[in-house]
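Going line by line, the protein sequences match chains P and F. With the working numbering as the guide, the letters of the first sequence map in order to residues 1 to 204. With the working numbering as the guide, the letters of the second sequence map in order to residues 205 to 551.
Bear in mind the hints are in silico, worked out from the structure with no lab data behind them. A few of these clues could be false.
Said to hold, decoys possible - Residues on chain P that point at chain F, a partial pick, calculated with CB under 7 Å:
id : residue
1  : R22
2  : I147
3  : H175
4  : M184
By construction, the Cβ of each residue, glycine as well, lies at the ideal position given by its N, Cα and C atoms.
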Amino acid sequence: MLVTGIKSKPVYAPLQADTRGRYHLMLGMGVGAAPLLRVIFEMQSAAARVLKNTRVLYVPDGGSATPEIERFRAAAVGNAQTFPGTPALLEEFRSTLARSLMGTRLYVAGTESFIGLAMKIALEFNLNKDEIRAEECGTSARRVYCIHCRATTENVRTNIASCVGCGRWLLVRDHYSRRLAAYMGVMVDAEAPGELPPLKEMFL
Amino acid sequence: MSAVFNLHETFRDDFSYRNSARAIRRFPLPFSEDSYMYSVNIEPHLPGPPGSVTEFAFDVDEHYVAECRERAIVLAAEPLRYQALPHMMSSQWDCLELIMESLARDYPTHFSLAKQGNRWHWINRPLQIDQHFTFGDTATLPRQPLDYITRQAQGDFVVMDQREGDLWTEAGMVTTQADWSLDFDLGMTFKEWHGPVPLAHELGVFDRALKFLLNLRLGQPVRRLNWTMTIHPRLDTSPENYPQWGTDRATVTAQNAGDLVHLRVELQGLWRLPRSNAIVFGIRCYLVSLRELATVPKWARRVHRVLKDLHPALVDYKGLTRYRDAAVEWLAPFDDGSPTTPGTAPE
């Protein structure tokens with residue numbers, strides 16, 4: 001169950017300033033603010049002018065909104081916006097990509113699920129792998145796609161989870177789809193109905 | 205081959221599928237020795253001996269009509285078992301051409317293809333289809349080209365687009381699969397798609413297979429065999445329908461294993477496609493019950509030994525955990541310990 005053993009989970013370039021890019025689009029949530037600020041400080045010392053062409057879209061954790069967004073603004077980032085939740089941020093991300101310019105670099109920092117959802121949209125717009133950087137931080141809770149009813153259950157932290165769509169207990173397989181931004185969930189007691197393994201916290 | 209089709213056999217409910225004595229003798233046993241481990245067992249897809257499953261590009265056998273009917277049943281309930289990303293249309297026509305030309309050439313009593321420029325006339329006698337259409341014009345066919353032609357073929361088909369030094373699973377007809385999902389895997393790279401396979405990544409199998417396939421040439425198709433086991437002659441062992449077939453695995457005993465447990469062999473063929481430069485990956489499934497298999501003494505001994513000593517990770521991955529011991533016990537009386545001759549021939 002080691003994350004490194006999952007062959008279908010993509011590996012992204014580590015988050016660092018890519019000053020060859022003309023525009024820099026940063027997506028962050030929660031503790032993802034820290035790595036994004038680290039990149040911004042790198043830019044400040046390397047090529048401060050690129051900060052004018054840098055845009056940050058950010059979903060704060062409940063409560064601590066002001067300090068982080070203020071830090072982005074204090075760092076002279078051209079444009080920093082907060083969003084009440086991931087869906088609103090992704091909607092803005094999608095419309096930004098729709099009118100995006102050549103030479104844009106994408107930086108994503110947040111949970112595995114957040115990165116996955118952002119990449120799903122990047123994939124729809126055919127962004128190249130070398131235009132994308134991502135850093136995982138925060139919870140490794142999984143999005144799980146039920147292969148039986150096709151519903152997606154969010155924030156799964158345990159080895160098995162009850163599907164929000166069909167109620168079956170799903171085993172979370174180590175098989176990841178970028179297109180669906182989710183792991184595969186398969187009925188765990190299909191061979192012996194009612195025989196469930198003990199519930200264990202796995203993805204914290 | 206002048207196949208007589210088993211018109212009424214089924215792969216669900218009463219499972220009336222059976223192999224004739226001739227079908228058993230030509231069964232593609234995947235074990236050339238008494239033990240098994242993964243390897244890049246790819247070879248040129250050259251014509252095999254008359255009557256063998258590799259005599260022609262695509263093998264049409266006694267199960268043809270029943271398998272096409274089974275595919276239609278699956279698709280009626282789950283249309284997403286066929287999917288193609290929009291940029292795959294050129295490769296869809298490539299596939300249609302490959303399958304129609306092969307079938308018409310190799311089985312002229314069953315299929316014909318006449319061409320006048322782009323105006324084609326296709327006749328499929330076993331399925332009673334007579335279709336005029338314009339090659340390249342999707343509006344002249346009742347379905348997308350890949351959907352249309354693979355409903356008239358045995359086995360699953362996956363089309364892989366080649367770009368960025370990788371192969372991308374981006375179209376397919378998958379209704380007879382061994383526990384993998386096209387819906388989930390659509391859009392994956394070659395190694396992502398094979399992610400769940402144990403051991404083989406570490407053995408470098410997929411590195412070498414990918415490298416080999418990226419250089420696959422037009423007109424030089426290749427093939428390999430793969431295998432697993434299935435309870436009942438059930439073609440649709442998809443993860444989607446695992447809740448329907450999973451319980452079967454718990455019903456096997458050493459007494460009924462001969463009839464319930466089937467060796468499931470995939471004859472996998474890979475062809476480079478001319479216009480799209482994509483690769484079509486045909487996965488043709490053959491099923492034989494242990495009782496049918498045991499009519500060939502050499503095969504009974506060999507399969508008994510392979511199953512008995514199979515690597516635990518493969519037992520788990522192939523889903524044999526609950527019934528492997530029962531199958532081994534059922535086969536044991538057929539194994540007197542005498543040596544088997546090399547190769548897979550029935551002896």
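Agreement of hint P/M184 with chain F interface, Cβ distance less than 7 Å: 5 Å, holds
P/I147 as chain F interface residue, shortest Cβ-Cβ below 7 Å: 5 Å, holds
Hint validity - P/H175 Cβ closer than 7 Å to any chain F Cβ: With a minimum Cβ separation of about 5 Å from chain F (threshold 7 Å), the hint on P/H175 holds.
Chain F contact restraint for P/R22 - C-beta distance below 7 Å: The hint is violated - P/R22 has no Cβ within 7 Å of chain F, the shortest such distance being about 23 Å.
In summary, the one numbered hint that this structure violates is 1.
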